[in-house]
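Chemist: What follows is each chain in one-letter form.
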Amino acid sequence: MSTHHLSLTAIGASHVQRGLPCQDASASIPLGQGAILLVVADGAGSAPRSDIGARRAVELVCERAAHWWTGMELSADGLRAYVHALLGDVANAFRQSIGTDRRMLDGYPGDYATTLATTVVAWPWIAYGGIGDAFLVGCDPDERLHLLVPPSQEGEFRNQTQFLDPGASVACRIVFDEMLSGVVLSTDGLEKFIEERVMTEQDGSRQPVMWSPSRTFAGLLSAARNGSHPEELAAAFSGDEFQKRKGDDIGVSVAWK
Amino acid sequence: MPNCLNGHQMADGKKFCGTCGAVPDRATISGAATPGDTGPNCSNGHPNRVGAKFCRTCGVTVAAVGQGATTSPATTYQGTQAIAAPPASTREVEIASPKVANASELRAYEDEILPPEDQATRNLVVILIDNSGSMAEAGFSPTRTRLAELNDALRSFLTQSMHEVPQLEMNGEIAIAAFAFRQVDWLALDGKAAAGSPFHFARYIHSFKSIEPTNGTTPMNLAVQAGLQAIEERKRSLSASGYVHESRPVMFLLTDGESSNDMSEALAMLRKAEEAKKVLFFALGVGNANDEEMRKIAPDSYYSLKDQPIENCLRFVSGSLGVLSGLDDTPSAMYAAVRSANTNTNISAEAFLKGS
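Protein chains in written order, with my numbering: chain A, 1 to 257; chain B, 1001 to 1356.
Hints in this document: simulated from the structure, not taken from any laboratory. Here a beta-carbon is modelled for each residue, glycine too, at the ideal position from N, C-alpha and C. Accuracy of the hints is not assured; some may be wrong.
As the list claims (entries may be wrong) - Each pair of labels, with its calculated beta carbon distance range:
id, chain 1, residue 1, chain 2, residue 2, range
1, A, Asp203, B, Ala1268, 40 to 46 Å
2, A, Thr200, B, Ser1207, 25 to 31 Å
3, A, Arg102, B, Glu1275, 46 to 52 Å
What the hints assert, rightly or not - Pulled a few chain A residues facing chain B out of the computed Cβ check, cut under 7 Å:
id, residue
4, Ile11
5, Pro30
6, Phe157
7, Glu195
8, Glu196
9, Val198
10, Gly219
11, Pro230
12, Gly247
Unchecked claim - Here are some, though not all, of the chain A residues that point toward chain B, as calculated from beta-carbon distances under 7 Å:
id, residue
13, Ala122
14, Asn159
15, Leu233
Input sequences plus hints: build the corresponding full structure.
Modeler: Set out below in structure tokens:
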């Protein structure tokens, strides 16, 4: 079974307005044995060199992903071990890059602050590993959507997050689902396309927050399946229609059967 | 016995599934349907009234007839088997297939945007307006008072420009107070967010009743304290009801003078709240604002706009919220980001920062 994949970034309207570069980065690479690795990174808005940090983080994942994949056992334990080994390795290498990589010689470590999220797609296995906020949507052949990993809540406020660092905790989720035919890994730039509501019982007691991914994610997979290029999709996401919900950079990586 | 949304059998009366944590599927609870539920079912198979936009049971969008509506319960999808248990709130949604042929057909689907009161996340913004007697003096235009200019600017902000700020239009709550003499009066606006709260849903504000002039002094200390208290109470109330705060609340103070009272207690509260990352505070000076005092009140975030039309104060509010969206850092880093952004925008140029 062949797996197709693409990745894209789209600069946010607020970044254009402020003259800032796109601080998100993304990639998708084959791992071997038919598996694909999706990667997205979101540079911190207040960090002056976070665009460089995000790109470096994605580069490091791409450089080191195959090494840890060799001999990997396709199981929940195996995938979990892979995610932790890869992100731990990348976090250490990222720290070492600051002050040694030619693009990261200036400033403080915090200037390069970025989140990082990865997803191994080895149907029917899906393995998410992330540091900081990102989310993962799955789609079945009938284009029903499933929020596999919701946006995270690290502190009192939703926009608080943690950044790539050897001391950061890794969020991991392993899914086995024979019905999934597509997945979308995204930075928080598309967070407003996850409907999120508080449900309250008639007696006033509250239920957990309910999440609903937007049809946009099914549309993205549909467009990708039909051969749309990442540049065309990025142009769509940069448009007013998408930007008026949040105005942030968007980093997306997609895989489908 | 009812099933949960993922199909697991649940004990009667349980609110959450013991296996996966999901909520009960109301369609499997006897008597869940009520007379009048003759409209289309939602994608999870729950009965709803004709014309219902969102399912009263699970909250998903109810398709209108002819738009993929289903009149018989949909089969609950049970394919996902998360090795790590999925979050209790995760659920599947059946949708009308978008059939997007290419990137140009990709859509943002306006019908999916929830009303602000139904959204789980909120942004809180407070604006404190000096309504002392000096606001009746000539404004930027010598033929109009500052207060008249401010009323026009506020009306334009509340009915137009504010609605272009995603942080307010999507899920923002705003509270505006006018302070003078010994009083802080919260303005009555459209779209009250909650009883007893001065906050209003920004999306529903489409009119504005002008602030009336007073002969009062400038109780800036009371205004700052009232703003901090309103934010804290609203945050506490939202948290208790399960809502999530999207970003740090922001408070703006606009003045044309100086505080009539001792500010030390209010400043201690403000500094404590800033350091605890509970609030961001910006002060904007117009007219005869005491720049020296204001720089003490807001050392990193005072902007003297004396040589600017008063409407720029409201443009500053919009612009700052755009900059702050998505940022989470120390107060000084957040203030620096706004200051840096203001030097790059057309509305504020270098003159915008004069005296700051």
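Chemist: Look at each hint and say if it fits the structure.
Modeler: Okay, the hints, checked on the actual structure:
| no. | hint | in the structure |
| --- | --- | --- |
| 1 | A:Asp203 x B:Ala1268: 40 to 46 Å | 42 Å, holds |
| 2 | A:Thr200 x B:Ser1207: 25 to 31 Å | 29 Å, holds |
| 3 | A:Arg102 x B:Glu1275: 46 to 52 Å | 37 Å, violated |
| 4 | Ile11 | 13 Å, violated |
| 5 | Pro30 | 23 Å, violated |
| 6 | Phe157 | 5 Å, holds |
| 7 | Glu195 | 6 Å, holds |
| 8 | Glu196 | 4 Å, holds |
| 9 | Val198 | 5 Å, holds |
| 10 | Gly219 | 4 Å, holds |
| 11 | Pro230 | 9 Å, violated |
| 12 | Gly247 | 6 Å, holds |
| 13 | Ala122 | 14 Å, violated |
| 14 | Asn159 | 5 Å, holds |
| 15 | Leu233 | 5 Å, holds |
In this structure, the earlier hints numbered 3, 4, 5, 11 and 13 are contradicted, and the remaining ones agree with it.
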